[in-house]
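**Student:** Generate coordinates for the entire structure from the input sequences, incorporating the hints supplied.
Protein chains in written order, with numbering that gives the first Met the number 0: chain P, 0 to 574; chain A, 0 to 271.
Don't read these hints as lab results, they were simulated from the structure.
Think of the CB as a built atom: it goes at the ideal place given N, C-alpha and C, for glycine as much as any other residue.
One or more of the hints may lead you astray.
Claimed, not checked - Sample of chain P residues lacking proximity to chain A, with all beta carbon distances greater than 12 angstroms (derived):
| # | residue |
| --- | --- |
| 1 | W118 |
| 2 | L165 |
| 3 | H199 |
| 4 | L241 |
| 5 | E518 |
Claimed, not checked - Covered, in the sense of this in silico footprint (three residues per stretch, anywhere, with C-beta under 8 angstroms from a C-beta of chain P), are these stretches of chain A:
| # | stretch |
| --- | --- |
| 6 | 12-26 |
| 7 | 48-57 |
| 8 | 147-161 |
| 9 | 204-211 |
| 10 | 236-244 |
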Amino acid sequence: MTSRLIGSSALGCLAVVIALLFAAPTGPTGMLLRAQGPDIGTEAQRESGKTLYLKYCVQCHGEKGDGNGYATPHLLPRPRDFTTGKFKVRTTPSGALPTHQDLVNIIRRGMPYTSMPAWPNLSDQEVSDLAYFTKTFSPDFSIPENIPQPIPLPSAPAATNESIELGKKLYEENGCLKCHGTLGRGDGPSAPTLVDDLGHPIRAADLAQGWTFRGGSSREDVFKTMSTGLNGTPMPSFLEALQPEQRWAISDFIVSLSGSNGPGYTNLVVAKHVLDPIDLAKGAANFGSAPVARFPIIGQITEPGRAFHPPTTAVTVQAIYDAESIALLVRWHNMSAEKAGKNDPTLPVPPEEEEESATSGASKGGVFGDQEVAQPPAAADPFAEAAAPIAPPSEFSDAVSIQIPMQAPTGARKPYFIFGDAQNAVDLWFFDLARPDPLQFTGRGSADIAPNDTGDLSGVASYDQGEWSVIFKRPLRATSGAPFVPGEFLPLAFSVWDGFSRERGNRRGLTAWYSIYVEPEVAPSAAGPMVRTALLILVIELAVIGLVRRSRRSAAEVLRAKADGEGRQQAATRA
Amino acid sequence: MNILVVLAVAAVFALLRFRRANLLVWAGAWWVGLYVIFRFGFSAPIPSSVVSLYMGIVSIAILAYVSSSEERREEVSRPLVRFMTETRYAALLGATVVAIPALAAANVYVQMNVPLEPPLFPRTVHPASPTEITVHDKKIDLDAGENPYLELAISHPEEFRKHVENGRRVYYQNCVFCHGDNMTANGMFVHGLDPIPTNFADQGAISILRDTYLFWRISKGGPGLPEEAAPWDTAMPAWEKFLKEEEIWDAILFLYDFTGQKPRAKEEVHTQ
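**Tutor:** Structure, rendered in structure tokens:
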């Protein structure tokens, strides 16, 4: 995917260079490409595109191309409204239309962590036809003056530690942190107030999770996004404001924030034994070098009160245990800490709220709560120093939970992964982050959750630079819930509530069942079994060789004896 | 079939034939050659447990062959006995005696250091359905019943298209998040699901199932599965909580319509 995009950007550069070479005497208006007229395809291509559109795209983008399809009420970010001619991911200047290839690329590879999927199974011609049909929704594509010209994407200098340092400095100086936050976790002070041109709430990208970037996560992709901006969103173009070297430096810094190319999701967290007693006051420092597991968070879309677009995409988990207790550190990125308000796994969610994205425009407040937080799109310019509206306090607080089976599972049988079932309860460790301590519940299904305060559970939570760090601690063997036994696996699952997005009760992000393994204090040594195996085989070998040699010897002796006997006989006859 | 690997093995065999190799060498060559073919000769890899099984059979076959006559036994054992008794092989014999236990010990070490994997439970993918279920207080016969709107395809095509369209709405408002825009189970939440959702575009999925079976799976979801299908792990909702009976049937019509497949036909009831 990425290589295709790099290829296309390279092609784009080449096209611009060639165009400039030819057009030099007559100036930009005489450009070769412009002389060809708008690239809107043939009637046949658009017709073919329409057929495909009506099969694959209309459900979200709507018959009129206005982003109002069947699925739209459940989607955030909302499907693109093609009638505006505004496209986020392009190779063209801010405000300009995308090139044909830009549209082809976005259909082909989709937009990560949104409802726009990649379409790898359509042929090149089909994707191109779809792009042509998409253009029919906006008259802008037919105007010759609007023919999009890719911006130059100069070749990249090598990424170095210095360029990353320089990028960090430029990142701070140019106001990127106002939306994206100091560590890039999408938690800048302006982030909660961002809306797109249509007044829908929009989130600043979490730059520490490159794999979620809509326009691609490679260094070249990031450079391109910074150069072109994302049309229709508060993300501006830095084409004029920053030199290419400066943009490359910021790109290097942004790429360095993710630390890896992918999320590296796993299915297991390993609890390490620690000698020092776990001290909650020491916080995350307790967890030292315990291995980090990352589990994907998905929307709770199984029980009524569904959450179709949880803002949390993953939790990272570490676990340790001492002589008496086990502790789990759960961390996730969160745009703004909601430390006021309430939360509870049993809070009801009215069914109308499932459809909320449809009504969450600026006029209704929607995701931002009941109060009006809209601002005109003009205020989205991050350079503007105008006081950003402060998001109103949320009705609901952030929260997190861990669930384990009430009894250690025998065989395959586990409780239902969403808060258990009538026959198989789960022990739920719930932390309303507006409160100082976690609470314990017993879950027998989403509709049957009861407080179960045994006093076994303790915890501590902190929020820093766009990340919640929450520690739960419980005795290895507790009054309630399955025991943690060294050398054994136990299922566990997580839920995360974002108060800002009005998540509470069933409306939340969750994980499927994963496992925790309590690693024995002393790992069983391989030396014993190795020596035993080697010795056993050695004994067998020596026995076989000994037997063979003995039988050989006795055979030889028989022969010799025979020969001796014959000799004696001969001697006797001679005598 | 990985033709290069097969050719390489055949070439080695031809060379052995040409050199008039000893039967012991042949036995070893067959064992190694077949292992190489099982392991690397097929483009679709054979599971290692199955390869072990095959190699067990190969070992027994080779043993049976070399011990099938006095001459063969003699031909195989002679070089081995010489290797173990003659003084000129003493150094090599010593090295072999040490190397074999060392390799076995190394194997034990590797076996004990495989990456940790959570316990895996096999589950039945399409478990048998009950004969009858109750959805919205109505009994649905899964054996004798069928989609009540299917017959409209012939009797009232326009009415039928309306049902398909309604099914399309239901699908994209509810199912798309997991089963995906083109039904290939690539919805936006798939990376967080295990088991993964059914791929409706797969020719071996809904076409081998009756539409009443789909009705059961959709209306009762994960929690309605029998134990052998691990109902506690699947995120498939019990759609009766969200959808009317008609909406479920319409969604089923749409699934078959979009993928160009047909439900498995009702089994003929044998009449006397």
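**Student:** None of the hints should be skipped; say for each whether it holds.
**Tutor:** Checked hints:
no., hint, verdict
1, W118, "8 angstroms, violated"
2, L165, "35 angstroms, holds"
3, H199, "18 angstroms, holds"
4, L241, "33 angstroms, holds"
5, E518, "8 angstroms, violated"
6, 12-26, "violated (count 0)"
7, 48-57, "violated (count 0)"
8, 147-161, "violated (count 0)"
9, 204-211, "violated (count 0)"
10, 236-244, "holds (count 3)"
Checked against the numbered hints listed earlier, the structure breaks hints 1, 5, 6, 7, 8 and 9; every other hint is satisfied.
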